[in-house]
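Protein chains: 2
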Amino acid sequence: MSKPYQRTAHALAELLERSEPGEVLPSEPRLAEQLGVSRATLREAMSALEDRGRIVRRQGVGTYVPPTIIEAGLEELISIETMAARVGLEVEMGDSEILHRNSDPEEAQLLGVDQVIEISRVILAEGETVAYLVDTIGKGMIPEAVLAKEFHGSVLDLLLERGEPALEYSKSEISAVFAEGRIADRLEVPAGSVLLRFEASLFTKDGQVVDRSQGYFLPGTFKFHVVRRVGRGLSATA
Amino acid sequence: MSKPYQRTAHALAELLERSEPGEVLPSEPRLAEQLGVSRATLREAMSALEDRGRIVRRQGVGTYVPPTIIEAGLEELISIETMAARVGLEVEMGDSEILHRNSDPEEAQLLGVDQVIEISRVILAEGETVAYLVDTIGKGMIPEAVLAKEFHGSVLDLLLERGEPALEYSKSEISAVFAEGRIADRLEVPAGSVLLRFEASLFTKDGQVVDRSQGYFLPGTFKFHVVRRVGRGLSATA
DNA sequence: TACGGCGTGTTGTCTGACAATTGACCCGGC
DNA sequence: GCCGGGTCAATTGTCAGACAACACGCCGTA
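Heads up: the protein sequence lines correspond to chains A and B, in order. Mapping the first sequence onto this note's numbering, position 112 (from 1) lands on 112, and the numbers just tick up by one. Mapping the second sequence onto this note's numbering, position 89 (from 1) lands on 89, and the numbers just tick up by one.
Hints in this document: simulated from the structure, not taken from any laboratory. Since this is a predicted model, take the numbers as computed values, not measurements. Heads up, a few of these hints could be off.
Taking lysine to any residue pairs in the SDA-like style, the calculated list, with each CA pair at most 25 Å apart, reads [stated by the list, open to error]:
(1) A:223 x B:220
(2) A:171 x B:18
(3) A:223 x A:208
Starting from the given sequences, assemble the full structure and let the hints guide the process.
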């Protein structure tokens, strides 16, 4: 059902899971035969993995797994809950509040609706409050029955599981702020504490914004990494 | 001199600069002919651009520029200076200090040398101090004559221009901290101000760390964005 | 010992073809 | 007039085979 190059990319990803850093992969003709695809399709899949730094290809030498492990960073769009689960951290949702209200002009333009649902809650890791999250989502994007029943802390996971609307990416702005007012209260920290703040818009494949979220994180528990790669002639200003 | 697919990717990037969102690109055979490469090479270059969300390919339809513009974010490894130049901001280097010293055990292990050069300086944008940067680089990575003559604020730009060693990516940890001590002094802000901090290791293509840098940014002038994409079958856990 | 050519294996690129998919067009039936 | 289905052209996806460029070890030679 799925495209050959998707199956191939997935098969390669699994192969990499079982590989040691520094290990050399079979040659392209051999791998293509093993996976039952042509070399062209194999290379298409490899390009994607190379772009994410999972493999290194060197002409005349071969393809190998990079010696340094690139931990999963912010590039992949996953929820706090999923992030935590991957590192074996226990998280739960604290007090939550679901508010229906009219959208302000900015939200109306961005989300394309005049009524929004605002979902705010704190996140606890190992019993300690670590984050305060606020999602603003257009009314009707999620049936309220679903929201009431299946929401366990992550709007993102809810949307991803439903698959409707189909999400593509989010764009976040990162900043540092002081804790104050409601946010300080919810996080149970004194006003004036330092917080890391993410303000993100969640886009569908059509370029539509479905959710606008703000996250305030206490330092310590979560480490946010970002991998920055040198362009390979991809930027016009070179 | 450079590889065909690099030239192709660069040419495509320039083409995209001149394109409107929603615009449909010429078909692959036509584009390949225009750029003077085979369709295989063209597709290799397109894969990279598709992976970064710059183009969308749909079988039976064509290739087009996505309706939403993804501004350049943190994914690309560029210096503050380059970032500023792209948005038309005037930046300059303030007081700088170059210190030769023995490396502490952690640095020795990471950088693989026992002597390091520590370069610290403040960055000014439009006359205002906006950042304080500290690079710790292994002695011998850059000839000192070059460092003295060609350093104008960015170690990264210096390394990229020299092309030796060949850089591949950096991994940064993002956090929020209070300004204090030397850092507050240099930035000319009261102790206790809130700063955004990036702590990065700079890797070569061989996985070697050549530079460890810390950056402290005052809020306001620079906006740091990161685009997070949903996985497309590339993670083994699916 | 030092050095330079040579052979082998790998990724990079080219060529040509066919498959799968999409969207538009046309035409007939109601 | 409107709707439905079939056909067709255009486009990306995939395939197969070949050659080019490159890196590295091997071996013969000075």
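Hey, residue 223 of chain A versus residue 208 of chain A, does the alpha-carbon distance stay inside 25 Å? violated, 29 Å
Verify the proposed pairing of residue 171 of chain A with residue 18 of chain B, using a straight-line Cα cut of 25 Å. holds, 23 Å
Residue 223 of chain A paired with residue 220 of chain B [C-alpha distance capped at 25 Å]: holds, 23 Å
This entry does not satisfy hint 3, going by the numbered hints stated previously; all others are met.
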